[in-house]
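Asks: Below, each chain spelled out in residue letters.
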Amino acid sequence: MRLGMVIDLKRCMACYGCQMSCKAEHGTPPGVFFARVLKREEGHYPTPRMLFLPVLCNHCSDAPCVSACPTGASHYAEHGIVDIDKDMCVGCRACMMACPYNNRYFLDERRYYFGEAGPTPYEEACSDRHPEGVVMKCNFCRHRLAEGKDPACVENCAAKARTFGDLDDPESIVSRLIKERGGFTLHPEAGTGPNVYYLGP
Amino acid sequence: MNRYDQLIVDLRGDYRPQREWGVGRGVLMVVGHFLVGVAGGTWVMASIYGVTAGLAVAYVLAALGALAHLAYLGRPERALGMMRRFRTSWIARGFIGLTLFLIGGGIYLAALLLAPDDVAGPVTRTGQVIAAVGTVVIIGYMGFCYTASKAIPFWHSPLHPALYIAFAFRGGVAALLVISAVTGVASGAGLLEMWIGVTTVVALFFALEIQGAWSGGNVAARWSVRDILAGRLALLFYGGTLALGLIVPLALLLVPGAHSPAAMALVGLTSAAGDFFMKLATVRAGVYLPLVMPARRQRA
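Taken in sequence, the protein lines are chains A and B. Each residue of the first sequence is one higher than the last, beginning at 8 in the working numbering. Each residue of the second sequence is one higher than the last, beginning at 7 in the working numbering.
With the rest of the complex left out, here is chain A (with noise of 0.2 Å):
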């Protein structure tokens, strides 16, 4: 089994429902998304539009990141996903410099999204899942995948642009939409394998 995601840029609205649902579950501190959405205009009046472009780690299949670490935090965990053990991680950051899609954070002290007024209740209850000094990233959710949920990103998507399941099997949904609707990945010339795959808008 192989898990993957497939986000169809046709009905995506760029909602950040991703964006703040990653945040809700994970409790990331401020400057640290694991999802995220890039925004760009394109065009010139009367003509212009606005592109959107959901990304995460990719999880790749030959993910450089894990190739890097000199430590082995980076890791390939259950059916393909890339995670990273911060009891293991020393924070050199090499992973950062290989990861071509640029979706890993390193945490270099703590911060809180009131400043002076301290950490809210919830800060401090998610704290110690990101401890200082290390890289942290994107798992698809494996606390909740181990429940048998989505991630937390899926679930939330209103549109329902985000599609989750195994890329291995050629008759899962994910599947079937890549090969249906011609889907592509993020720099495939990295030559990295990646497991997030997007449809056309």
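Honestly, I wouldn't trust all of these hints.
What the hints assert, rightly or not - Footprint (simulated), chain A over chain B, 3 or more residues, beta carbon under 8 Å:
{"hint": "1", "segment": "149-161"}
{"hint": "2", "segment": "247-256"}
{"hint": "3", "segment": "267-274"}
Stated by the list, open to error - Which chain B residues stay away from chain A? Per the calculated CB distances, all over 12 Å, these:
{"hint": "4", "residue": "13"}
{"hint": "5", "residue": "78"}
{"hint": "6", "residue": "88"}
{"hint": "7", "residue": "121"}
{"hint": "8", "residue": "168"}
{"hint": "9", "residue": "196"}
{"hint": "10", "residue": "203"}
{"hint": "11", "residue": "214"}
In case anyone wonders, no lab produced these hints; they're calculated from the structure. Since this is a predicted model, take the numbers as computed values, not measurements. For glycine and all other residues, C-beta sits at the position ideal for the given N, C-alpha and C.
For chain A, the structure is supplied; the task is to place chain B on it using the hints.
Replies: Positioned in the frame of chain A, the structure of chain B alone reads:
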């Protein structure tokens, strides 16, 4: 601008510079690479010229470089774990190489100091061989650390390792110039010729790398070149690398009959400073591969 605000600005831009290596506390990593590179080169040059003081200086530089690396890490207390992934990670290989160098070099230097009449003894030879293996690794691994960074097209060049190896030798010659000026042991004339030769090789490799990045077709690599030659890093490059690291030493060498020990020491120091600024500029010039929007992909 604080780190958080800078990150938000960077995330909004098309070309996001890397700010983990070479910026803020990340300067320690460049300092570490610089010191370790010079240490490797100095060990080789001191071995060729038979300058024991050079070996000692190389050892101290490597130890300081190791400390700088440790100080850079987010979790230095876990550093021993960095040996685990030596099969795939150049950082792991470098860590092992540096450890070997410090162990072997320590044994060799201790044997030289404690038993100078027994340089061919088994302990001395063992230390020498271990240090030699470590030297090869520490000179070679740094460039590969950058080349392995697929996210940064400017670094992801086959010339980068060659450039770093050449830098190590230039640093080694520079260190020996300073040491020979202080101790008066090595041949100053031979070293100067070697410095000119190695500097020519470094300049050639750098020019090829810049040309390759500019003409290679990758927009992020071109952005990096623009940053170095005419952007946010131009002062570091022109002031630190070209003026301090090349023009000043060359001017000192061109003054007829002025090859005094003090002038040679100044050549070595300015050359080494230029190397540091060159490394700092190329590390800071790293720009992440931009994520291309799908509509543009289809038009391409």
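Asks: Each of the hints needs a verdict: does it hold here or not?
Replies: Quick rundown of the hints versus the structure:
Beta-carbon proximity to chain A at under 8 Å applies to 8 residues in the segment 149-161 of chain B; the threshold of 3 is reached and the given coverage holds. With 0 residues bearing a CB less than 8 Å from a CB of chain A, the segment 247-256 of chain B misses the requirement of three and the coverage assertion fails. Counting residues of the segment 267-274 of chain B whose CB lies closer than 8 Å to any CB of chain A gives 0, so the stated coverage by that chain is violated, three being the minimum. Under the 12 Å C-beta cut-off, the non-interface status given to residue 13 of chain B relative to chain A is violated; the minimum distance is some 5 Å.
At the 12 Å boundary, the C-beta of residue 78 of chain B falls inside the reach of chain A, the nearest C-beta of that chain being 8 Å off. A Cβ of chain A approaches the Cβ of residue 88 of chain B within 12 Å, the least distance being about 4 Å, so the stated non-interface status is violated. Separation of residue 121 of chain B from chain A is adequate, the least Cβ-Cβ distance of about 37 Å exceeding the 12 Å criterion. At roughly 19 Å, the least C-beta separation between residue 168 of chain B and chain A is larger than 12 Å, which holds for a residue marked as non-interface.
Non-interface call for residue 196 of chain B relative to chain A: holds, since the shortest CB-CB distance, roughly 39 Å, exceeds 12 Å. Every beta carbon of chain A lies more than 12 Å from that of residue 203 of chain B, the smallest distance being close to 32 Å; the non-interface claim holds. Once the 12 Å rule is applied to beta carbons, residue 214 of chain B is consistent with being away from chain A; the minimum gap is 22 Å.
Violated hints for the displayed structure, listed by number in ascending order: 2, 3, 4, 5 and 6.
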